[in-house]
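K.L.:
Order-wise, the sequence lines are chains A and B.
The letter at position 19 of the first sequence is residue 19 when you use the numbering used here, and the numbering goes up by one with no holes.
The letter at position 199 of the second sequence is residue 199 when you use the numbering used here, and the numbering goes up by one with no holes.
Check the hints yourself; a few may be wrong.
Which bits of chain B does chain A cover? Going by a derived footprint, with three or more residues having C-beta under 8 Å, they are [as the list claims (entries may be wrong)]:
#, stretch
1, 19 to 29
2, 108 to 119
Straight-line distance between alpha carbons at most 30 Å, and here's what the computed DSSO-like set of lysine-lysine pairs gives [claimed, not checked]:
#, chain 1, residue 1, chain 2, residue 2
3, B, Lys80, A, Lys83
4, B, Lys55, B, Lys164
5, B, Lys80, B, Lys33
6, B, Lys43, B, Lys33
7, B, Lys204, B, Lys85
8, B, Lys85, A, Lys51
9, B, Lys136, B, Lys164
10, A, Lys51, B, Lys43
11, A, Lys51, B, Lys164
12, B, Lys85, B, Lys33
13, B, Lys164, B, Lys189
14, B, Lys80, A, Lys51
15, B, Lys85, B, Lys164
16, B, Lys204, B, Lys55
17, B, Lys55, B, Lys43
In case anyone wonders, no lab produced these hints; they're calculated from the structure.
From a predicted model like this one, the values you see are computed outputs, not experimental measurements.
The C-beta atom is built at its ideal place from N, Cα and C for all residues, glycine as well.
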Amino acid sequence: MNIILLVAFNLFVSSSVPQGAAALDTPSGFSVMIGEKYKVNYDLIASYYTKSDYEVRLYGISLGKELFLGRKFSILPEIGITKVTRTREDASESGFLPVFIVRFAYLFSTESSTFQIGFSLREAFNEEPGFDFLDFGIGFRM
Amino acid sequence: MKNLALTSLILALVLGCKNSFSTRMTADYFPLKRGNEWLFDVKGDNNYQITIEVKDIGLVHGDSLFSVDVGGEVYQFERKSGSVKRIRELFTTYEGERVDFGIVYEPYLLLPPIEGENWEREFNLSSVYREELLVKDFRISVDSVIHTSIVVNSENYENVYRLKRTVVEDNDSTVEYEWFAPNIGLIKKEIPADSVVWELLSFKLNE
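The following block holds chain A by itself, in its conformation from the complex (with noise of 0.2 Å):
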């Protein structure tokens, strides 16, 4: 079993969501990678962001095939679900949306284990482009 732990820090960008102000976002949370047959990479997302009194948590999981440019770069494309709850004051609502994640890697490999830098791209579909974040992270493959 292979587990990568990437520890992000968040650059929150966001142009259709006017309360999203204020930002906590991880989405690479760690991603696990059974076994060398299936190299398929889980993903776990959490975010948060606020403005005023509107809060905004997503929370979900992705999975996508890591591919490798040379030995030094690599691309990991994903797709995932996020549950979504939004509140305001006593009031809340909650949704699933789709996600599409699109992570960059450059790897420093070391004797024992490989350190990273990166970053994410991540579109949440709806029918009005543009609820967009940017993630970079580090983190280390063990």
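Here the structure of chain A is known, so what remains is to put chain B in place on it, guided by the hints.
P.N.:
Here is chain B on its own, set in the frame of chain A:
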């Protein structure tokens, strides 16, 4: 190759599906752009048509101010991130003369709407007229916000939010029910006390 085909298929399915929840999250339920027009059929004791048009836009302290012509009467709205406020001049007529109490910013809509939310605001104002103190009490409350679908003039609208707006001015109160559709705005209004119903006939929105 098999994995790629499967991924493409799933992606195509995901891309192709309409998502009601994301529409409610991202749509504009009160689109205010210069030139936007909504034509309503008003039914009551008298039947007539009324046009709402966004006439002018200004900017004060970074917030957009909109002048909206509602059947010849000009309403002013302030649009902020996450809310719309209606700017009202409060006045009364006393001994045949107009007495002003100033301007209030009435919380008109919270955006995007959420089912079950409610809000209210009360203004207690006073003014001196010929050495006499006059008072004005104004209260706005909005509740019963529900997510629904509705047919208006044979047109089916989904992801609609309906709200109940109560305006109390001194001893008079008015109750209105309003329906807002995503990326369209107001599509229906009912004033039960007057048995008046506004229904959207057509609209023109500028991109």
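K.L.:
Taking 8 Å as the C-beta cutoff, is the stated coverage of the stretch 108 to 119 of chain B by chain A satisfied by three or more residues?
P.N.:
holds (count 9)
K.L.:
Need the status of pair Lys85 (chain B), Lys164 (chain B): alpha-carbon distance at most 30 Å?
P.N.:
Holds, because 16 Å separates the two Cα atoms, which is no more than 30 Å.
K.L.:
Does the structure keep Lys55 (chain B) and Lys43 (chain B) at a Cα separation of 30 Å or less?
P.N.:
Holds, because 25 Å separates the two Cα atoms, which is no more than 30 Å.
K.L.:
With a Cβ-Cβ cutoff of 8 Å, does the stretch 19 to 29 of chain B contain at least three residues near chain A?
P.N.:
holds (count 9)
K.L.:
Decide if the proposed pair is consistent with the structure: Lys80 (chain B) and Lys51 (chain A), CA atoms, cutoff 30 Å inclusive.
P.N.:
12 Å, holds
K.L.:
Quickly compare the C-alpha distance for Lys85 (chain B) and Lys33 (chain B) to 30 Å and report which way the hint goes.
P.N.:
16 Å, holds
K.L.:
Would you check the hint for Lys80 (chain B) and Lys33 (chain B), treating anything up to 30 Å between C-alpha atoms as holding?
P.N.:
With Cα atoms ~14 Å apart, Lys80 (chain B) and Lys33 (chain B) stay inside 30 Å; holds.
K.L.:
Sort out whether Lys164 (chain B) lies within 30 Å of Lys136 (chain B), counting only the CA atoms.
P.N.:
23 Å, holds
K.L.:
Would the hint linking Lys204 (chain B) and Lys85 (chain B) be met if the CA-CA limit is 30 Å?
P.N.:
Holds, because 23 Å separates the two Cα atoms, which is no more than 30 Å.
K.L.:
For a C-alpha distance cap of 30 Å, please report whether Lys43 (chain B) and Lys33 (chain B) respect it.
P.N.:
Holds: Lys43 (chain B) and Lys33 (chain B) sit about 27 Å apart, inside 30 Å.
K.L.:
Taking only the CA atoms, is the gap from Lys55 (chain B) to Lys164 (chain B) under or equal to 30 Å?
P.N.:
Holds. Lys55 (chain B) to Lys164 (chain B) sits at ~26 Å (cutoff 30 Å).
K.L.:
Holds or violated: Lys51 (chain A) with Lys164 (chain B), Cα cutoff 30 Å?
P.N.:
The given pair, whose Cα atoms are some 25 Å apart, holds under the 30 Å limit.
In summary, the structure is inconsistent with hint 10 from the numbered list given earlier, while agreeing with all the others.
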